[in-house]
Each structure stands twice: as structure tokens, then as C-alpha cells.
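Residue numbers (the numbering used here), protein chains in the order written: chain R, 1 to 179; chain D, 1 to 576.
For the record, the hints were derived by calculation from the structure and aren't laboratory data.
Watch out, some of these pointers could steer you wrong.
As a list, the in silico DSS-like pairs of lysine-lysine whose alpha-carbon atoms are at most 27 Å apart [stated by the list, open to error]:
| id | chain 1 | residue 1 | chain 2 | residue 2 |
| --- | --- | --- | --- | --- |
| 1 | D | Lys133 | D | Lys143 |
| 2 | D | Lys518 | R | Lys54 |
| 3 | D | Lys143 | D | Lys154 |
| 4 | D | Lys518 | R | Lys97 |
| 5 | D | Lys458 | D | Lys446 |
| 6 | D | Lys67 | D | Lys83 |
| 7 | D | Lys573 | D | Lys540 |
| 8 | R | Lys54 | D | Lys573 |
| 9 | D | Lys83 | D | Lys133 |
| 10 | R | Lys32 | D | Lys540 |
| 11 | R | Lys32 | R | Lys122 |
| 12 | D | Lys111 | D | Lys83 |
| 13 | R | Lys32 | R | Lys97 |
| 14 | R | Lys97 | R | Lys169 |
| 15 | D | Lys132 | D | Lys143 |
| 16 | R | Lys54 | D | Lys133 |
| 17 | D | Lys154 | R | Lys32 |
| 18 | D | Lys573 | R | Lys97 |
| 19 | D | Lys154 | D | Lys83 |
| 20 | D | Lys143 | D | Lys129 |
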Amino acid sequence: MDQITSALAPPRTGTKSAVSGTPSDAPGSVTKRLSNELMTLMMSSSPGISAFPKSDANLFEWVGTIEGPATTIYAGLAFRISISFPSNYPYTAPTIKFETPCYHPNVDILGGAICLDILQDKWSAVYSVQTVLLSLQSLLGEPNNASPLNPDAAALWNSPEAFKTQLMKHYRPLTDATA
Amino acid sequence: MLGLIERYETLIASVGYECIEARVLGTCAARWGASVLGELRAWMADRVVLWMMLPFARGAASVDEAKVMMQGVGSRYDFHLHKTLCDLRTQEIFDIIVDFPDSNAALLDLKECLQRVDQRAELVQALRKFNKKRLLHPGADTKDILTQYVSTIKCLRIVDPPGVLLFKVADPIRRYLRDRPDTIRCIVASLVGDGESGDSLVDESEPIQPLQQPEAENYADPDWTPEPNDAGPDFRAGKASDIVSTLVSIYDSKDLFVRELQVLLAQRLLAVRDGNFDRERRNIEILKIRFGEAALQVCEVMLRDMTDSRRIDAHVQSQTEDVNVMHPTIISRHFWPALETSDIVMPGQFQALQTLYARQFSTFKPDKVLRWLPHLGRVSLALELDDRTVEADVPPLEAAFIELFGGAGAGGEEAGGGDAKTDTDTWTVDALIARVGSVSRSAALKALGTWVDLGVLKEEHRGGEDGETVFRLLHVREEGDEAGRVHVGKSAREAEEELAPMMSAQQQQAEQMRVYWKFIEGMLTNLGQLPLDRIQTMLKFAPGYDRSVEQLGAFMEAARREGLVAVRDGMWKLGR
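Extracted from the complex, chain D is given alone in its bound form:
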């Protein structure tokens, strides 16, 4: 053969390589549903081997001889096949993870490729790059990031069961999630299976088990294996821990979760209107298994409050007939997250009802004091106007306002303080606010808007010059207010959503920070200027202080911008 084979072997080989690449890219790109490796191998055997016979096994007398002659080049081609597929899947890895579990087959292929080709580092690098570019940016929803993170966990566990790859990829995601303010909320929401979000992060079929704590390695274990050789120094041999433990371990302590859980539970309990708490009870029971009985004791009290208040209510109702339109929820202040307080003073009949109820309550439970939070709740009322009856289910502020209008025609028996001379049919916004107590103007306008939509009130401009806006009660329906009705349901709902009654964990933190500020102020007043780390150690006198020195630094920096403190050469002092 003129010795040409030796001379052009590299050329022939590269033609073979290109052929393989074209085949892999052409048939396998974006095909993750089925395993392609077997298919490719079959193709190699059928086509490439036949083709290879020509240049490489020309003089072979038998099949066995041909096999020996082609062994070297054959394994090179085989390697190249795996490498090409591996590169392809590495480039596609982000989308493969997005497609999980439909892309399960592709992951198994990848796993097999990685055993042939040592490209684990490339895979990690590519995935980190994609995550940074496509996932960890402000435009991505926290929920989506969490979903992708969970998928990543599941996918990489398939590719690399010991979890070294996962550890390396997950680290940036975890760090990013830690900085997002709503991460905990999202995780907790998915833990309790928030109805509307549909796909829960947690696999329903996964058995519920207690959170796993990282434990020291047990060298006496006969099944002990050393860490994989490409594991980093801080690699923690995660026993195949469940997803929830992994998510919770993003944060150093589970206390944060429990606190957020309380806020969430409080919101949901207060939103329940039909008195059916089975769902919440079930959730709490599930979470008890995960977080432990002790951590969720507070939630337990909250649940019991709900049943207790129904019992108490039943008792109070049996004592007196007069309050049978009122059914308060009685909660134990110390066990609930801080509820937003409000100074609304309910006028007229509502006030009378409250007083009456409180009196009954204090005879039933003499050691307890009832403190009303009148702005939470719902009022169902029927307004009897001259020509019609309007029934509505509204927030308390709306009810308070319409009560004030009630002097003449509305359903209130003792409304308006009985002052016949004042015109209780028309009110200015300011006058209404003055009667009800501290409500923001926008909230007041929104409440009035509800009634305007219902065609009960009408907004009018009185006097041309100062353009004062008054609201007038429509005793008789006016023409043209039909159009307003369409929006009723919507605006009432909006008004309700606006009132998120719970202080978020973040607000509570700000409240705590205020306490710490007092301590900082105290130490700077008396000890003169202090370096940051000294302030940090001194703050241990403040009860429950648990901030890191970085958090303190950020806080002090914020205080400096406010002009409260000044810093020079790393020494902080009061900015006087």
C-alpha cells in the first residue's frame, strides 16, 4: 500500500473524528428523552468499524486479526465519541436540569461518559458559569432559583452519587440564596405546600423525616469510604440527605425558619373564615416531624388559640344574646408574631358590641384581658336605605365609615353619636379620619372607594374655590352608578390584600436592631470611640444579640449615613 497509510494516518483519523462529531451533534443535540449512547455505539459498530476496516485492517486474514489491528484506533474513536457527547451535554447541562425529570436518560448518558472521560471539572465550571449567567441575577424569581437548585441537586446526584460535583456547584447558589430576603419565606411556603404555587419543591413521595444534622464521620463504620479524591477541603460528605434538610441547611440555624413559619401560619390562620383548620394542623404535624416537637411548640399554641377562641365564643354567646353578631378570634399575644397594631376606634354600635363582649369575656376568664385589634377581621352588614338594601362583606374600616354615615338612613341604630344637627349624610375625608382614629389617608380613600363602587356613597366636590371633596350618602339610588358595580368584587379584594397584618420577619429584625442601637449609643457615650469588633463583643450584653460582625458593619454604615455616628481610622463614635 505504498506506505501511504502511515503517512496519512492522522488525516484519516481526523476524518473519522469529524464524522463522529457530526453524527453526535446532528443526532443527539437537545435530545434528552432517551439514552443515545447505545444508539451511537450501534452506529459505530455498523458504520465506522466497517469503514475503518478499509484503511486499518486491510491485510487481516480473520475477524480476530482485524480486531487486534484496529484495537488502538478503535479505542481512540470510542473515546472521542464519549468525549464529544460529554462536551455536548456539558454545554446543555443547564437546560437538561431545567427539563428534569424528563431528561433523566441524558443524565445517565452523561454519567457513563464521565466515567470514560475525565471532564468533571469542566462540567462544574460550565454549570457554575450558566448558573451565574442565567439563574443568579435579580431578574430571576426566588421560587425559580429554588426549583432549579432542587433540580440541580437531583440531577447531580444521578451523575455523581457521592456529591462532590453537587457541592461545588451548589455553593454559589446557596450563597446567593442566603442574601435574598424572601428565600426563607419561599422555602417555608413550599414546605407547607402552598396551594396556588402548584408544583411543590418537595417531592410528595419523599418520606417525611427529621432534619439531618451534619454528623462527625464514623470511622468504626465497616462501610466507611474515604472522601472522593477531587473533593475540596470543606467538602462535607453529605449522606444522601433529603431535599428539605439541604434547603434548610442554607442557613446556619433553623430558628429563622421556625420564626418565618410562625408568621406564615399566623397569616393563614387569620385568613381562615370557615373555622376549618385541618389543613394547618396537618401541616404543623408534618413540620413537627421535620423540625422537632420543641421548635414548633409556639405554632401548637397558635393552633390551640383558634380552637379555644371558638370555645370561648360559644360560651360568651350562651351568656348573652346581645353579641351574637360578633365572633372574635382570641389569640395569646406572647405566642403570636407581632401583629400590626392600629388605633382605629370603631364608632357607634361596633364600639358597644366590643365593650359588651369584653365584659362577658372578663367574667369568663377573670385573669385575662381582652385587647381588641379592630382593624383585623371582616364585617358582614346590611345597609337599609330608602329604596334598597345593600349587603356587603367588608373590612372593618369600611364598616366604621359607613356607620358614621348612618345618622339618618343606614342600618345603625345608634349611629353618629345622636347629634341630629350635624349633617351625617355628607362627610369630608378628614372628618372621617378624625372620628375613626389613625388611618392613613390612602387607606381611608380606598375604604370609601368600596362604598362608592357599591353605589352607596357618592364623591362630590363642594364649593368651587377650595375644591373640597365630600362623600354623600345616597338614600335613593342615583342614575349612572350601575357602572361602578362591576368593580366591586375586585376593589374589596384588593383592599383586603393590602392589609398584610403580620410584621414580616424583616420588620421584626429592624425592631430588634433598634434595641441594639440603644446599646451601641450607650457604649459610645460612655466608652468614647470604639473599633467595630469591640462594639461587636460589647453587644453581647444585649439580650439575644446574634448578628455577625459584617451585619453590624452594614448597620453602623447605615447609621453613619443618617449622621448618628462618625468613623475615623476604624474608630466609631457618636456623631454629635
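Next up, chain R with everything else stripped away, as it sits in the complex:
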């Protein structure tokens, strides 16, 4: 996998400007890349993260699941997210949103939008679904309180009791309803 991604990706510095100029690949190669990522993700069995295409007709819309890391305040909770890949993926970052309300300094509690640098200006084609999911999982335990999307949560972060109360007030456990 490493070889594939590094072959696809230009060097990290200055990628943005260099790549945005190139015309987007044929859709075939994007699907191929997504299939490869799915295969890697399925076979990697990283604990607590998982994702799968929403339907067999569209490889560009995925559903993911992130479990809170064991030692954090999110331990034991599972969050559903939606991942939507742009047609020129991997040159542009996928759009990722929390579907389960997540009370977190860097997550918009209403819309589910996430403030994470690698999903915005620091995106690079070497990232994959797997690395993004892992980043999100670690973001749960280590928020970036300097640029909060949810200022209340950021303010409460240092008082775990109160934070947990707010978190549980918003949290809804996953159901088995077919997505």
C-alpha cells in the first residue's frame, strides 16, 4: 500500500498548487484506487475503525464507524461518520462528517463538520481512508483546542465530569437500522 500511495502522490511540499492544475484522472482510476483502499482497510483490521461503501452502485459514498479510544473520555462510544469522495480523489480530500452527534471541541455538534488540518489545507494524496480514520480516532482523545468549532466543548475540556455529562446528553448509540 505504501508503495502505491507514494507512487501516486507527488512530494508533500507544495503539492497543492502543483496538483490542482492537473486534470482529474479518468473515473476508472479513482474507482480503482477506492477499491484498493477498501481492500487494504478490510484486511488491515485496525481496531475501532471501519468503513464501507453505502451501496454497491456508488463507490464514492462510504459509511464509517469510529470507536472511542480506550483511555479517553470517548471510551466505549461508537460514532458513525459519512465519507464522501470527490471525483478527483485522492488529489482532493474526502468530505467527512459525523452522523452521530459528537460533543467535541473540533466537531460541529449540529452539522457534524470536522475541523482537522489533514482534511483541509494539509491534505495529501498519500493519505488514505485508513490514515484519515486513524487520525480522527486520535483526534477524539487529543482535540486541538486552539481552533475550536465548538467553543463550549473546548471550554469544558479541562473539566472531564462536566464534559462527559454534555457528551452523553448529545450522544445517541448506534442502531442497526439499515443505512
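Start from chain R and add chain D according to the hints.
Coordinates of chain D only, in the frame set by chain R:
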């Protein structure tokens, strides 16, 4: 004649019928070697007609007149003769097919009867019944079923050239064969003419030709004929296709065959010791004609590996003298079926040889890496003991063990790691396993048994209380171990047979299923519960997924029994 003839005509007729039946059953039952129809007709003309003259042609003035008078009853009798013979042969059809080709004449008779008497449906029904009762049950060997199937094909083609009967009879057999796990193996084995099985399914005289694909009917063909009127809706007008095409068409794709063929070829190539691959090459060439060049490319690579490794070996040997006792077979991993791996670590001199050889190899082929499969192969060694020399040709595990024993007396120059203090003459099984790496206890005991049989080791119980078993090297032959020698050849052979190095196609399938399970797990984690058909369509994301929804259902059912998934109202979810 008092008008009695009219009154008793039915009685007279039935006497005639019974007479014919008795004659047919009495003379023709179980006589399939010669045509009986002509014989029966002659008998009819000689005896029955004479007898019939009396009641039916009494007043006839001339022969011609008699003929006219007897025409009606005569044809009834003739019909009855054919019908009786037809019934008899229908009842015997299974055994007739078993006896084929000796029963050829009986089949021709049957064909003629069937033209007179419309009993084709009865024949099909009877044969299907017999097949179900006598052939398609767990007690029958797959090879026998295949042989009978092939005979059935040949026999019914004689009786009914268009193949309608065959199609109807063959369907249950084909379906049954498809469910047998070893069918492909059997077919492939007979395709390459497995030596010991003797009679090959495939007729040697049959010309080798490419597999025939069912083709669309060509209505522009001036010789086109419509399907026979008793053909079923899914009847495929099988052009008289050859037996092999018919057998291969049991399965939907020939890929399965090619895969099994590779496994078989791999086993046979690795079993060849004298470096003579002509037989395999010939087989592959034959199969190439049948399956096409492209399908057998992998087999071609495998064959080339064998010749290449001899070439490489010759080169390595010319570079260094030190490894001249080792001749590895170098195979390309990607082109061979998955070989069973093993973590045996060869001790002492074997290890040294491997390292040396690998170094030579990497200078010869710098872009390739040699990975040893030390558990495959044979070791010929000579053990120099105090009073005798034992020569043996054994599997590697045996060699590894005896090397460990070698500290003092056996042939190894640098055995046992040079630790003089440990007693290298006696070892426990566990200690041996620990040195060699992962081998099962039974395999280890079997390997030790070989040496015990050869009178090199002796099994002893040390200490009374824990009953620990140790094996001791016999530097000097002990009395009473002669008896053990008798079994030598046998146990060594058995040990070898036990090691079927290839993963069967079935095991490979299980391996694939493990990949698919990961995908199923992934989709159920993220999409919640799903119906079976949805899982099936989603699995197309998994590379190479080709299972039917029934197979998936069986797999999910197995997973449910393991407690991995749960199902309610047809919706599957992870069983957490």
C-alpha cells in the same frame, strides 16, 4: 368351426403372448453379448407362425391368402415381441451400461425396439431410478460414478443419437457430481492419465480436440434439423461433443479445472526425483489443445521452473564445491499453488548448506530471493555409527532429528551446536521439537519411529514416576532390534504420503472465504443489518468474488453457528 374362433380369440391371443414372453425372458435375459432380435424373429417365423396358421388361417387356400388373414394378429404378436424385449432391456439397462462395451449388441436391439415401441419415457424413468438407487449415493466412489456416467453417455448415444434421452438421464448425475468435492480432481486425474488407475475415462483413440462451447444454433445451416419432439425446454442440442467436453461442462467454468490441474501438476512435479519430466510435458501439451494455450500458461511456467532449477543448480555447483550434496528445486511462488509452509529450522550442517547455497544463488540471480521450504524434499544420508553404517533416504524432518542426535557418533561434523556438556545421545520429544521449530507431536513421533525401525534409535522410559519417554542413539547395535527392520520401507513410505504438500483447491477456497468474511464484517459494522442478497451484491467490492448467493447463504449459516453473526427476519447482523 362353430364360431368358436371368434369367441376364444382373446384367449388364443393371450396364450400366444405368454408364449412369446416366456421365450423372450427365457432366452434373452442377461444375454447382452449378441443381438437377439434376429434370433427371436426367426423363432417367430418358424414356430409361432406355424402355430398361428391353425386357428387364424384355417381356410386359407394359398400362402398369400394366409398371409393376409394373419396380418392383423401377426403384427400384434410382432409388436408384443418388441415390447417384451424392450421391457426386459429397460429393466436391465443399468447393468447393460455397466457391461458396456460388451453389451453393444443389446443396445442396438434396444434401439430397434424403441423405434417400434414408444417406451422412451419408461426407459428414462427406469434409468433415473436405477441411477438414484445404485449410483448416486455416498457409498459410490466418485471415480465409479464418472465411469458409469461416461458409459451412460456412450450407451445412450447408441440408443438415441440426438441425445434427448441422454440429456434427461444425465441431468441428475451431473447435479450430483457437482456437489461432490473430489469430482474435479477425479476428472483431472483421468485427463492426465493417472498411471495407477488403469482404465482412463477418456478413450485413447478419441482424437484430442479443443473444448467445445455450446454455440447458438445456426439456422442458415442447410443440414439444420429441429429439436426432437420429446426434448425438454432446456435441451441443448449437443452436437456429438466429445466426452471430455461433456465432463468439463458439468461445471460452469473451466477455471476450476485449470486450478485443480495446477495443484495436481505441482504435486506430480515435486514428486519426480529423477528429473524426467517428459510425461508431464506431454500431458500439458495434450491439455493445451483441450483447454487452450492461455489457460495453461501457469502450468507452462511451472514446468519451466523445473528445468530452470536444474540449470541454476548446475551453475551453483560449478561455482562452489561445498554444496554438491544439495540440489534444490527452485519454483516461482506466484505461479505455483500455495504450498504448505512450515517453520522447520534445519539444524547443524543442513542449515550451513542452505545458507551457503542461498549466497551462491543471490550472486547468480541478484534480483531474486531464495526462500527455503525445508520440509519438502528428501535427504539421503549415511550414519556412521561405532559398529555399522546406516544408509537411509528419508524426509527432511527425520534428517533434522538424527542430526541433533549426532553430537558424538553420527555422521554430522558440526552437529549439536558443539555443546559437549549436554547429552546429545538422548533427547525427549519435546526437546527435539523445540530445536526444530513448529512440528506437530505426531509428525515428530512418526519421524522418530522411522529411526527406531531402522535400529538407530531406541525408545526408553526414563524414571518410573513421570514416565517420560526419551529416545537414545544406539552407537552399538542392540540385540532384538532386527525385528523392527521389516517395517522400515513401509513406515518411511507412509510418512511421505502423509505429507501432501499442496493446499487443495478446497483449502484455498477457505482461505478466500476468510477475505470475504472481512468484507462482510466491514459492511455489517457500518451499514447495520443487511439482507442476504444485499450482502451478495456488496461483496462485488471484494476482488474476485464469484460465489453464488446459495454458497454465501451456507457460509453465513456456518458463521451463525460460530456465533459471529445473528439473523432475524432475513436480516443479518454481527453477533455481538
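Evaluated hints:
A hinted pair counts as satisfied when its Cα atoms are at most 27 Å apart, and Lys133(D) with Lys143(D) qualifies at roughly 17 Å. Restraint check for Lys518(D) and Lys54(R): satisfied, since their Cα atoms lie roughly 16 Å apart, inside the 27 Å limit. Between the alpha carbons of Lys143(D) and Lys154(D) the distance comes to roughly 17 Å, so the proposed pair stays at or under 27 Å and holds. Straight-line distance between C-alpha atoms of Lys518(D) and Lys97(R) comes to about 24 Å, which keeps the hinted pair within the 27 Å bound.
For the hint linking Lys458(D) to Lys446(D), the alpha-carbon distance of about 13 Å falls within 27 Å, and the restraint holds. Our distance criterion of 27 Å between C-alpha atoms is met by Lys67(D) and Lys83(D), whose separation comes to about 22 Å. At most 27 Å may separate the alpha-carbon atoms for a hinted pair to count; Lys573(D) and Lys540(D) meet this at roughly 19 Å. The straight-line distance between the Cα atoms of Lys54(R) and Lys573(D) is roughly 16 Å, inside the 27 Å bound, and the hint therefore holds.
With a C-alpha separation of about 25 Å, the suggested pair Lys83(D) and Lys133(D) falls inside the 27 Å cut-off, and the hint holds. Using a Cα cut-off of 27 Å, the hinted pair Lys32(R) and Lys540(D) holds, with the two alpha carbons roughly 13 Å apart. Taking the CA atoms of Lys32(R) and Lys122(R), the gap is near 24 Å; set against the 27 Å cutoff, the hint holds. Of the supplied pair hints, the one linking Lys111(D) and Lys83(D) holds, its CA atoms being roughly 12 Å apart against a limit of 27 Å.
The hinted pair formed by Lys32(R) and Lys97(R) meets the criterion: a straight-line CA distance of about 24 Å does not exceed 27 Å. Simply put, Lys97(R) and Lys169(R) have alpha-carbon atoms about 19 Å apart, close enough for the 27 Å limit, and the pair holds. In summary, the hint linking Lys132(D) to Lys143(D) is supported, as the alpha carbons are separated by about 16 Å, within the 27 Å threshold. The suggested pairing of Lys54(R) with Lys133(D) is violated, with an alpha-carbon distance near 50 Å, which exceeds 27 Å.
With a CA separation close to 50 Å, the supplied pair Lys154(D) and Lys32(R) exceeds the 27 Å bound. As the CA atoms of Lys573(D) and Lys97(R) are separated by approximately 24 Å, the hinted pair is consistent with the 27 Å bound. Only pairs whose Cα atoms come within 27 Å are accepted, and Lys154(D) paired with Lys83(D) is accepted, the gap being roughly 23 Å. Distance hint between Lys143(D) and Lys129(D) is fulfilled; the C-alpha atoms sit about 20 Å from each other, no more than 27 Å.
Violated hints for the displayed structure, listed by number in ascending order: 16 and 17.
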